[in-house]
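Participant: Each chain, written out:
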Amino acid sequence: MNNGFSFRNRNRFSLQAIAFAMITLPAFGLYQSASNGNIGLTLVLMGIVAVGMGLAIWVN
Amino acid sequence: MLIDWFLALLPILVIILLMVGFRWGAAKAGPAGWLVAVLVALLRFGAGIDLVALSQVKALLLTSDVLLITWSAFLLYRVADEAGAIQILSQAIPGLTRDRVLQALLIGWAFASFLQGVGGFGVPTAVTAPLLVGLGFSPMAAVLIPSIGHSWSVTFGSLATSFQALIASTGYAGEILAPPSSAFLAIACLVCGYQVAHISGGWGAVRRLFWPVLVLGIAMGIAQFSLSTNGLWNIAALGGGSAGIVVGFLVARFRGRQAAEQNTAKIKGRMLLLALSGYIALVVITLAIQFIPPLRSALSLIVIRVPFPEISTSLGHLTPAGYGREIPLLRHAGAILAYSSLVAYLLYSRAGLYTPGAGLRVLKTTVQRMLPSSLGIAAMVSMAVVMAHAGMTETLARGLSEGMGSLFPVISPWIGGLGAFMTGSNTNSNVVFANLQLRTAELLGFSAPIILAAQTAGGAIGSIIAPTKIIVGASTTGAAGKEGSILRSLLFYVFPLIGLISLLTLLALWVTSP
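Residue numbers (the numbering used here), protein chains in the order written: chain A, 1 to 60; chain B, 1 to 514.
Just so you know, these hints were derived from the structure itself, not from any lab. A hint or two may mislead.
Unchecked claim - Label-pair ranges, simulated between beta-carbon atoms:
#  : chain 1 : residue 1 : chain 2 : residue 2 : range
1  : A       : Phe7      : B       : Gln368    : 44 to 50 Å
2  : A       : Gly54     : B       : Leu330    : 34 to 40 Å
3  : A       : Gly37     : B       : Ser138    : 52 to 58 Å
4  : A       : Gly40     : B       : Leu330    : 35 to 41 Å
5  : B       : Leu507    : A       : Phe7      : 41 to 47 Å
6  : B       : Leu39     : A       : Phe7      : 24 to 30 Å
7  : B       : Leu346    : A       : Phe7      : 39 to 45 Å
8  : B       : Leu232    : A       : Phe7      : 55 to 61 Å
9  : A       : Phe28     : B       : Val367    : 17 to 23 Å
10 : B       : Pro320    : A       : Phe5      : 31 to 37 Å
What the hints assert, rightly or not - Stretches of chain B that chain A covers, calculated by requiring three or more beta carbons in the stretch to come under 8 Å of a beta carbon on chain A:
#  : stretch
11 : 48-56
12 : 314-320
13 : 373-384
As the list claims (entries may be wrong) - Cβ-to-Cβ under 10 Å is the rule here; a few derived chain A residues that face chain B:
#  : residue
14 : Phe5
15 : Arg12
16 : Leu30
17 : Ala34
18 : Ile39
19 : Thr42
20 : Gly54
21 : Ile57
22 : Val59
C-beta atoms are modelled at their ideal positions from N, C-alpha and C, and glycine is treated no differently.
With the sequences and hints as input, model every part of the structure.
Facilitator: Rendered as structure tokens:
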């Protein structure tokens with residue numbers, strides 16, 4: 001548990017950058033997949049966004 | 001149904017609970033709100049995964065729109081700060097007046113309103129809050145003062161973007177909507193001034209500066225009212241803020257002549273001009289782009305426009321096909337701030353105000369400071385867009401209006417405020433709720449222009465408690481992570497202001513009733 005907190009504190013900026021990328025970058029693929037009705041890819045990309053949101057909660 | 005209304009409210013309740021109750025920062029509470037909004041949209045409001053996905057893409061456009069401004073505003077501040085310009089300004093303004101409350105009024109009320117007139121989302125707070133910190137105000141007060149100070153100018157600010165949205169959403173002529181809207185906001189302006197005095201120095205300051213605030217408030221309110229009711233609503237807030245700066249300067253000189261004389265020698269005029277160069281560049285470039293059509297056309301060549309298909313929920317809530325937020329990349333408020341930063345950097349470099357490695361330091365600190373805030377903004381905007389597309393926002397508004405019946409005029413500005421809180425802007429609130437307010441007013445037999453004025457005035461004031469705006473202020477003053485405390489303090493001032501709009505709405509309806 002302490003290792004987790006220590007890792008988070010050491011790498012806070014990098015983790016925030018990763019979370020931000022996970023929340024924003026999938027939008028480019030989501031536009032194509034949702035417009036074309038590709039449900040599988042949409043679900044995967046929305047999953048990435050959701051994990052990014054979860055990471056943002058944890059890291060902050 | 002009550003359960004639908006409660007579930008539509010749930011994401012907002014979660015945000016408020018986490019930020020106000022548990023004092024979470026926006027970067028943490030925002031993602032939690034988004035997760036709740038997506039679950040409710042999918043499980044109760046009939047949203048499909050494609051609707052949520054396209055909402056996410058629209059949200060990215062809106063987020064980019066906001067982040068371009070916040071990053072560039074902080075960049076401009078860092079360019080000036082690294083050169084020592086903020087320190088020079090911090091010494092100069094007390095030279096104009098040593099009265100801290102008057103300093104707060106000049107910077108956080110008049111100057112912030114002027115910046116709202118020329119700038120836009122978050123710019124007044126992002127630019128003036130660090131100045132106030134430099135003058136010795138606490139980071140909390142430094143965010144509260146300009147937030148409250150510029151709220152009255154939001155509807156006609158950003159060259160009246162929000163007012164144009166009100167016109168576009170309702171089909172009413174600007175000439176009909178302007179008088180009640182600017183009258184409500186002129187009275188709110190005066191109250192904002194006293195609130196700024198209260199934040200800066202308590203009730204004693206309110207009593208001591210009663211007359212200067214009255215003079216300043218009347219000057220700004222009348223200037224905005226006169227311009228907007230004569231068809232010049234696009235420069236009404238700009239005119240109001242300018243009037244505030246001119247009158248404020250005269251008031252400060254009148255009240256603090258001795259202090260001014262003592263301090264004039266300390267700071268040379270050239271240094272003061274150099275220190276202000278970034279902000280002067282901001283005003284000059286903004287005015288040039290707005291009022292020189294060929295330049296505006298040339299900078300309008302590159303526009304990010306993304307078309308979206310019609311999307312609907314299984315319950316029948318329809319979002320028509322259309323473009324998402326359009327971003328004119330080269331004449332965007334963020335681009336203007338970036339140009340100003342570059343001009344200021346070149347001027348400061350030429351004047352030898354930088355030490356080696358200054359440019360890199362400026363960029364590094366900007367990224368470090370703005371990244372956590374950007375997370376919060378991205379999450380909050382995404383939540384609001386999902387709610388709007390899933391029909392949750394409309395459910396909320398309908399419940400509020402229908403439940404209130406003949407008391408609808410009282411609740412009308414609160415709907416505007418709620419919309420601005422959720423979507424982060426007066427413009428979005430007007431787009432989402434204006435038509436609903438119009439239809440409800442017509443059904444209930446109330447004057448539509450007055451109800452629409454209540455909508456936009458409530459939206460203007462409510463926009464300052466939008467988490468995204470609070471994050472902007474907090475991030476530029478080193479108060480990141482304290483957004484919950486800032487929100488709680490802001491509510492203390494915002495609730496009476498929206499309550500005042502409710503009373504004015506009732507009064508206006510009573511006066512104009514046959």
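Participant: Determine for every hint whether it applies to the structure shown.
Facilitator: Results for each hint:
Taking 44 to 50 Å as the suggested C-beta distance range, the pair phenylalanine 7(A) and glutamine 368(B) does not conform, at roughly 19 Å. Checked against the given bound of 34 to 40 Å, the beta carbons of glycine 54(A) and leucine 330(B), roughly 37 Å apart, stay inside it. Judged by the Cβ atoms, the range 52 to 58 Å given for glycine 37(A) and serine 138(B) holds: they are separated by roughly 53 Å. Separation of glycine 40(A) from leucine 330(B) is about 38 Å and conforms to the stated range, judged on CB atoms against 35 to 41 Å.
Under the hint 41 to 47 Å, the C-beta atoms of leucine 507(B) and phenylalanine 7(A), about 60 Å apart, miss the expected range. Between leucine 39(B) and phenylalanine 7(A) the C-beta distance comes to about 29 Å, which sits within the given range of 24 to 30 Å. At about 42 Å, the CB distance of leucine 346(B) to phenylalanine 7(A) agrees with the hint of 39 to 45 Å. With their beta carbons about 58 Å apart, leucine 232(B) and phenylalanine 7(A) fall inside the hinted range of 55 to 61 Å.
Checked against the hint of 17 to 23 Å, the C-beta distance between phenylalanine 28(A) and valine 367(B) comes to roughly 22 Å, which is consistent with it. A hinted range of 31 to 37 Å for the beta carbons of proline 320(B) and phenylalanine 5(A) is inconsistent with their spacing of about 48 Å. With 6 residues having a Cβ less than 8 Å from any Cβ of chain A, the stretch 48-56 of chain B passes the three-residue criterion, so the hint holds. Counting residues of the stretch 314-320 of chain B whose CB lies closer than 8 Å to any CB of chain A gives 0, so the stated coverage by that chain is violated, three being the minimum.
Only when three residues or more bring their CB closer than 8 Å to a CB of chain A does the claim for the stretch 373-384 of chain B stand; here the count is 5, and the claim holds. Residue-level restraint check for phenylalanine 5(A) is violated (minimum Cβ-Cβ distance to chain B is 15 Å; threshold 10 Å). For the restraint placing arginine 12(A) at the interface with chain B, the shortest Cβ-Cβ distance is roughly 9 Å, inside the 10 Å limit, so the hint holds. For leucine 30(A), the interface hint holds, the least distance from its beta-carbon to any beta-carbon of chain B being 4 Å, beneath 10 Å.
Checking alanine 34(A) against chain B by beta carbon gives a least distance of about 4 Å; that is within 10 Å, so the hint holds. Contact between isoleucine 39(A) and chain B, as hinted, is supported at the beta carbon level, the nearest pair being about 6 Å apart and thus within 10 Å. The beta carbon of threonine 42(A) comes within 5 Å of a beta carbon in chain B, closer than 10 Å, and the hint placing it at the interface holds. Interface restraint check: glycine 54(A) against chain B, minimum CB-CB distance 7 Å, threshold 10 Å, status holds.
Because the closest C-beta pair between isoleucine 57(A) and chain B is about 5 Å apart, less than 10 Å, the hint holds. Below 10 Å, beta-carbon pairs count as interface contacts, and valine 59(A) has one with chain B at about 8 Å; its hint therefore holds.
Taken one by one, the earlier hints fail for this structure at numbers 1, 5, 10, 12, 14, listed in ascending order.
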